[in-house]
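**Q** Protein chains in written order, with this note's numbering: chain L, 16 to 599; chain A, 428 to 613.
Bear in mind the hints are in silico, worked out from the structure with no lab data behind them.
Note that the coordinates shown come from a computational prediction; the quantities given were computed from them, not determined experimentally.
Every residue gets a Cβ at the ideal spot worked out from N, C-alpha and C, and that includes glycine.
Among the hints, a few may not be true.
[Said to hold, decoys possible] Where chain A lies over chain L, by a calculated footprint (3+ residues, C-beta under 8 Å):
no. : stretch
1   : 26-38
2   : 322-328
3   : 393-407
[Unchecked claim] Residues from chain A shown here face chain L by an in silico Cβ test under 10 Å; the list is partial:
no. : residue
4   : E465
5   : A470
6   : R471
7   : G512
8   : A516
9   : Q517
10  : R520
11  : M521
12  : V522
13  : H528
14  : D529
15  : V532
16  : G605
17  : A607
18  : L609
19  : R611
Each chain is listed here by its residues.
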Amino acid sequence: MTRQMTGAKMVVQALKDQGVEVVFGYPGGAVLPIYDEIFQQNDIRHILVRHEQGAIHAAEGYARSTGKPGVVLVTSGPGATNVVTGIVDALMDSVPIVVLSGQVPTFMIGSDAFQEGDTVGITRPCTKMNWLVKETDKLAETIHQAFHVATAGRPGPVLVDIPKDVQFATGAYVDRPKVQTGHYAPRVKGDIEAITQLVEMIETAEKPVFYTGGGVINSGPAASQLLRELVEATGFPVTSTLMGLGAYPASGKSWLGMLGMHGTYEANWAMHDCDLMINIGARFDDRITGRINAFSPGSKKVHIDIDPSSINKVIRTDVPIIGDVAHVLEDALKIWKSRGRKVNREAIGRWWQQIEQWRSVDCLAYKPGGKTIRPQHAVARLEALTKGMDRYITTEVGQHQMWAAQYLGFEDPNRWMTSGGLGTMGYGLPASIGVQIAHPDALVINVAGEASWLMNMQEMGTAMQYRAPVKQFILNNERLGMVRQWQELLHGERYSSSWSEALPDFVKLADAFGCKGIRCDNEADLDDAIREMIAYDGPVIFDCLVEKHENCFPMIPSGNAHNDMLLGEAETQGVIGASGAVLV
Amino acid sequence: MSPLKIKKGASKHSAYDLRDPNADVIETHTLAVIVDNESGVLARVIGLFSARGYNIDSLTVAEVDHLGHRSRITIVTSGTPQVIGQIKAQLERMVIVHEVHDLTVEGPSVQRELALFKVRGKGEHRIEALRLAEIFRANVVDSTLESFVFEMTGTPEKVDAFAELMRPLGLLEVARTGVAALARGA
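Okay, chain A solo, but in the shape it has when bound (with noise of 0.2 Å):
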């Protein structure tokens, strides 16, 4: 038998281990959620997030099936091999989840998203803005003599590297859809 370890007015003062067993590698992982398109559905499952801790790196809804009653949420998530499962698994045993797809795991999916660049500039910016909308296949969408509103849909990495191209020709502001993503074939 061991002697008392903890000395009185030791500094153990949790009741919990505060050390995280799982602090190992951090994974992204794409998630296709399927739900009942009801009231209070997006925030019960962004609540599922918040209250244990998960991250959401992206998120996006909307009714994907009229007749049927369903949105589709795709979830861009990291976590350690550990939290993931756990996330699917707290995801599937809610009563509004009809499917959870892990778009990582299940084989190649595609993954788009949309994203809105305002990019103010003149003379020589404007023209290099231009011609890299270009090569990045971005719509000039909005246009003034001092700016343009770029449209262009891509993977995130995409989107990514268009903004960062942009900041030093003017970028002001982006907005992004998040990323809708489908598993490729059929």
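Isolated chain L, as found in the complex (with noise of 0.2 Å):
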């Protein structure tokens, strides 16, 4: 039985029998057809964006809040290009998203046609997969496909674009079952051989380390439910990317915090001196690694990763083992006990004295600010105040975002939207909406900058109009705060465009929105503040004005190793006991 209809009314029925609840997108003269079909049904809810790249955000904190593939729906020509950031943003944090763009017809395509772009073109060096239609009936099974190959193996954006004629015309609709899609079906059991030696490793090691990243919360809660049952059990220390925060709970007796350029100096200095490192679902950025022939020198690496071109990509690592976080660890799990659960239990105790040594550093001290506010301390006020609440954070990028990742905690996955392999200013405010959406009764929270932040502030609007009361966590400090460190660091403070001036005024900003807008300047008022925001049944624009040259610390200076951190402004107080001073 076939089912005839239109390719505008095929792409609908394509992202109902998907599952698809939501879409983000914007209409213009090549989607028009399909807009129209949105129109007639109710099904599929479309959230109207005031620009193209906050559609893709928004999707992209839609799909990692829930898990879920998000969908965005574009015009041809600037609607697509618009998308491209988004785009590039999802591949890097493998984020599963299907773009839907619509294409001049096809018998214009090559002609510089009005709103004509070669969107397959732009789009595939930063997609999993795109494809141009050219026929109705190959519409269906195409759309089919992008979803299986946007949410298989390490997730990312796929774009399929559909001329105009495509959706006006008639042809025969596929069903989803029916779509082969066995030829990409990515590994996900890994080698048990491999799973075994790292039992082995894990059995003998004296100094491990979990190093977890994205990968556990892509692989679903089940990974990281397994993550931790494997940490509880071996007592080892747990430290994780930027991307990976909540696999384990922050108040888990094993975290050590965040590893990296700014992560903690337990987690460094562990990442450093281990003996054996067990890399699940990260990718060794460079944010983490540092200089890479002085990267942990005297570790056995085992790397978990689903993308086999992960592995060896920049450190060599001694058990590879391909397949998905998940089934990984259950499969080890399994080994583990059966061989007697062992752990050096003894060593594990003098690597934990070791590690308790570098945690007294107390790393993420900062100097109490009096009355001008801390922007660290914002940050810790913001998490005393909401934490255990049903809570979501997204960021912009900068110091702002590091400060978000150091002194906020995560208990669960799926908490934490962030643009961490792109770094994309103007993520977070679309990223909250998208999350809101998903969960309409959660808190929403986007830590930012004013700088990220004025990048896409135009979906205050998307945010009214459909009434997510995302709060706006705005940290001012009128600079643009990761530049202007680096300038002071590595440019001898010649300060180069790394101001805000003639900044808006942002509470008048959200009276014209027509949302709440908080302004705080006094440390003193700062929870009252924050209180407000939270209360408010309603978006809210929280401007924050902060000391205007704080650093970010700890620091390790790009080039040098996890072992070379600046403290910043704790090691002028004496922070560092005498046991932290020796340890260079």
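With the hints as a guide, bring both chains together as one complex.
**A** Below, the structure written as structure tokens:
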């Protein structure tokens, strides 16, 4: 039985069959037939953004907070080019995104038609796969393929470009189960021999560390559960990349905090000094490794990853295990238990003593600010006042992002949405809207810097239209803080174009959008102001005026090793005791 | 704790470690990549090489299975062992790629390319060119009173050698197909 329908109807039907509930998009000439179909149904909700980049970041927020693919619908030409940043972002951070773009009619392709762009050409290097559909009969099958590719293996963005005549024409709808997807089936089960090798190493390691990444979260809730079980059972310390926060709870006793360029002292030292590094779903990013030839010189390295190209890309691995995190951890636990749950308790005890010594450096300590609000303090208070709530956090990119990662504690996966790989300023506000659409009753906060936030501030209109009560917590230092920090440390304090001049009045801006504005410039008022923000039933723009010249520490200067961290202000305060001082 | 290692205004101006950690031995490998014969597939494969800075020494592509809709791309590439490993892993994970064979490591293989040479010359040079062509088993496929076009099939090394010998005899142009390769045996 084949059902005949127009291409436009097929798009909507295919989305329904894929279980899609929300589409983020912006109409235009080349997608009007699809918008017409969306208008005539009630199963799929369309969220109209204010700029296509907002649509794709919202879809990323939606995807990362739900584990489901995010769907974006845009028109040809500028509609498609405006989502390119988000496509690259999703590729770098492995977010499952399906972009549907309109295209000029097939007979006009190549004629430089109005709003024509070579969308598949432009997006080829930044999608897992993309398709230009030239026949309506192929459309349904291609969309089903697209969802399969976006979500299978290491997730990522895909794009389906649909010419307008293909949307108008009638063709046969192919049901989802009839679509052959077998040829793209990344392996999920790890090699048992390699997993057994990992177990043997776990049994004998004296200074082990789990180094976990976004792959644990992408693998699904079971992976986080298994990770927790493995960590508790072995008693090994665990650290995580920016992308992996929440897989292991921040309140867990084996938690070392985030690692990397702005990671904690104890996490980076543990990485440097360990004898067994178990990388679970992370990719040895340069923000993590620092100087490669000085990266954890004395350790055996195990790398669990579903993407074979991540293995040995940056760091040579002793035991590669290609597979899905949850599957591999399940097998590893099973084998480890069947062999008698052995670990070298005595050595692990000594290792923890060493770690506690590093921890006593208290690397996240900051100077109390007096009247001026320290940005770290603002984030720490936000954490204290929202702890235990049904909370989701998004961020923009820069110092505030690192402070959020350092001072907020994540207890569960899918609660933390940030642009890690690409570092896209302007990500946080639209992402927070996507998260809020998926979780209407949750507290969704975008920890932002004023400069990043301005990049997509038009999306406040979207938040208002759909009554998404997102809280925009802006740490306003009137500077491009991270740029300023690098200029201070590396460019002779020549602050070239790194200040935010002619900033808007954020409270008046909130007024203009019709939401609530709060300004706070005094530490004494901070708690009440944050409470006011949380209590308000609607979107809030919170202008938190903070110390303008604060730097983000700890910091591993690029090109340096893990044990070569700057502790910044804390150093000058003598916070490091004698024990810490003799370490290097 | 080490003191601030980088002084303010010091010269480490990059966010990245700029030294190549893999600057060791360069190897040449021949890869056979079986892909879907669809539009954009070749662009995707070549795009991978340019985006990640890999080398393409030679590349041939043609449909080899009309019913199965498959093309065979033969790529000769060079890089460190780590880079070669990455190239294969990056190719294998592509949705449109069905198989990747490294003919250089998977056992003996035959490698051939077809080349055309246009040689202009008179008198002794012309005779010498013909004589050498015979030794190399090159065929004359076009001839005028003062030029030849030779056709030759062989390994890239043989093509190089012939071109080298033709150069002083009036070699004008060379067209090469790039390497086609198959593993030996069955």
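**Q** Hint by hint, say whether it matches the structure.
**A** For each hint, the structure was consulted:
{"no.": "1", "hint": "26-38", "result": "violated (count 0)"}
{"no.": "2", "hint": "322-328", "result": "holds (count 6)"}
{"no.": "3", "hint": "393-407", "result": "violated (count 0)"}
{"no.": "4", "hint": "E465", "result": "holds, 9 Å"}
{"no.": "5", "hint": "A470", "result": "holds, 6 Å"}
{"no.": "6", "hint": "R471", "result": "holds, 6 Å"}
{"no.": "7", "hint": "G512", "result": "holds, 6 Å"}
{"no.": "8", "hint": "A516", "result": "holds, 4 Å"}
{"no.": "9", "hint": "Q517", "result": "holds, 5 Å"}
{"no.": "10", "hint": "R520", "result": "holds, 5 Å"}
{"no.": "11", "hint": "M521", "result": "holds, 8 Å"}
{"no.": "12", "hint": "V522", "result": "holds, 4 Å"}
{"no.": "13", "hint": "H528", "result": "violated, 16 Å"}
{"no.": "14", "hint": "D529", "result": "violated, 14 Å"}
{"no.": "15", "hint": "V532", "result": "violated, 16 Å"}
{"no.": "16", "hint": "G605", "result": "violated, 22 Å"}
{"no.": "17", "hint": "A607", "result": "violated, 25 Å"}
{"no.": "18", "hint": "L609", "result": "violated, 23 Å"}
{"no.": "19", "hint": "R611", "result": "violated, 27 Å"}
Of the numbered hints stated above, those contradicted by the structure are hints 1, 3, 13, 14, 15, 16, 17, 18 and 19, listed in ascending order.
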